[in-house]
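Number of protein chains: 2
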Amino acid sequence: MPYTYIYARPALTADCVVFGLDDEDLKILLIQRGQEPFKEQWALPGGFATVGEALEDTARRELSEETGLTNVFLEQLYTFSNPERDPREHVVTVAYYALVNLSEHKVQAATDASNAAWFCIDDVPPLAFDHAEILKTAHARLRGKIRYQPIGFELLPSTFPLRMLQGVYEKILDRPVDKRNFRKKILGMGILEERDEIETDVSHRAARLYRFNKKKYDQKVKQGFNFEI
Amino acid sequence: MPYTYIYARPALTADCVVFGLDDEDLKILLIQRGQEPFKEQWALPGGFATVGEALEDTARRELSEETGLTNVFLEQLYTFSNPERDPREHVVTVAYYALVNLSEHKVQAATDASNAAWFCIDDVPPLAFDHAEILKTAHARLRGKIRYQPIGFELLPSTFPLRMLQGVYEKILDRPVDKRNFRKKILGMGILEERDEIETDVSHRAARLYRFNKKKYDQKVKQGFNFEI
DNA sequence: CAACCTTAGTGTAATTATAACACTATGTCA
DNA sequence: TGACATAGTGTTATAATTACACTAAGGTTG
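Quick mapping for you: the protein sequence lines, in order, are chains A and B.
The first sequence begins at 1 in the numbering used here and counts up one residue at a time.
The second sequence begins at 1 in the numbering used here and counts up one residue at a time.
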């Protein structure tokens, strides 16, 4: 059933730049396209907007359909509207970026896309459309954002040792961080809650585990507290 | 000549939140709508996207058509896609914010819109659609942005006394700023160029005029210089 | 023309935040 | 039991921020 409008309309899509973190590296989730254009090439997960659906919901739905990921931290990044960005026609895309923790969210390549896989941020294959530019924008945003908002938790399991959180910052900022200063600062924010557990299955002294306390965080946000690292 | 697509498409618009500054207040540019819905109500300047045109160009074109403003500083703000935001149908809007200096850009209400006028940011009439929310988002962004990027110049004539620049910061941040510290900081950035002119037509000691030097600014940006105020 | 009003223009000291830095403690593993 | 790996902890030097008040210049007014 076709739809007719008096004036031409650009097509509208939502795409997701999904960041994950393993012990080694900051990673990015890509899918391999099943159709033309750019068939077989890697691309950001995403798809066409549906009338009556907010674009953030489009982004979440497509992410779930294509990779099985649900319930992730998701924020709008930027809207890309260069008329040449899609060879078929003028397609405007609203890009989102997402943070997931790899240990609790397993990715499965799902129906729509033939294949989904994680790539190291420094070793990404050529991407379809202008997705390389979108990725670059998202990476820059992530680096900028983590410096003044504690979003690093989203990449970790719900309880984690401080070393792991420090690792998040080091991998995203791509530079070493002083352990003592980092702990002072992050604990001083008063948004981490000390748990009565320690790490297991490590071949060295086990560290205490912490949990992000969203309630305390929201409270401090309301008070205008500054979360710069 | 109608256009037909296999799947339904949301309509797409670009809207502008235009900030200006006079001696007194931070102001916002609104137009009075000539058609339904929200006929006669005040709204942000903006209009429908054209296929083949980047949305930033749409924003500039509509701004020029509706208010006569051209050549303004314009940045993307956020994309609003709530399906209920327009009573007619699902309309996604990409919002931009613009900074203009009132002394050099005179506004004229132009063809499309019946009327255009400046309003104090603290005294805005009820707005059409979700434009109040867009305005609030833009105001928050402006406040946040000016703290780490020297965009205040965009609201001033090309040469200006430091007092005026300080006024920009005070009006946007909505708090007093220490004169000596401000001068130290802003001159220390090395992006202002001292001119051999002083103010005229003032009934007190005339101040030296300065000019923003974009070349020096771009250079410092490249070196990763920090412009926090 | 003198007194007054308004804004220009300038420096220092106290406080606070940041950055640099090294050792002991505890557990695993060979 | 000795070697190894990471946990956990304070202090000091340096840099950045804040608070603060007077003289200078020009215009206005009685």
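No lab work stands behind these hints: they were computed from the structure.
Hints are not guaranteed to be accurate.
One copy or two, it doesn't matter: identical chains are merged, so the pair holds either way.
[Stated by the list, open to error] Within a straight-line C-alpha distance of at most 25 Å, the following computed SDA-like cross-link-like pairs (lysine to any residue) qualify: (1) K39 to Q108; (2) K171 to G224; (3) K106 to E24; (4) K222 to I186; (5) K39 to R205; (6) K145 to F73; (7) K145 to Q219; (8) K39 to Y7; (9) K185 to K222; (10) K185 to G224; (11) K106 to V51.
Checked hints:
For a Cα distance limit of 25 Å, the shortest separation of K39 from Q108 inside one copy, 20 Å, qualifies, whereas the shortest one across copies, 50 Å, does not. In this assembly of identical chains, the alpha carbons of K171 and G224 lie at most 25 Å apart only when taken from different copies (19 Å versus 28 Å within one copy). For a Cα distance limit of 25 Å, the shortest separation of K106 from E24 inside one copy, 17 Å, qualifies, whereas the shortest one across copies, 57 Å, does not. In this assembly of identical chains, K222 and I186 lie within 25 Å of each other by CA distance solely inside one copy; the values are 18 Å within and 30 Å between copies.
For the homomeric pair K39 and R205, neither the shortest alpha-carbon distance inside one copy (49 Å) nor that between copies (70 Å) is at most 25 Å. Taking identical chains as interchangeable, the C-alpha atoms of K145 and F73 lie at most 25 Å apart whether they share a chain (14 Å) or sit on different chains (24 Å). Taking the shortest Cα distances, K145 and Q219 sit within 25 Å of each other both inside one copy (20 Å) and across copies (23 Å). Within a single copy, K39 and Y7 get their C-alpha atoms only as close as 31 Å, which misses the 25 Å cut-off; across copies the closest is 22 Å, which meets it.
In this homomeric assembly, K185 and K222 come within 25 Å of each other (Cα to Cα) only inside a single copy, at 19 Å, whereas the closest approach across copies is 29 Å. For a Cα distance limit of 25 Å, the shortest separation of K185 from G224 qualifies both inside one copy, at 17 Å, and across copies, at 24 Å. Within a single copy, K106 and V51 get their C-alpha atoms no closer than 30 Å, and across copies no closer than 39 Å, so neither meets the 25 Å cut-off.
Violated hints for the displayed structure, listed by number in ascending order: 5, 11.
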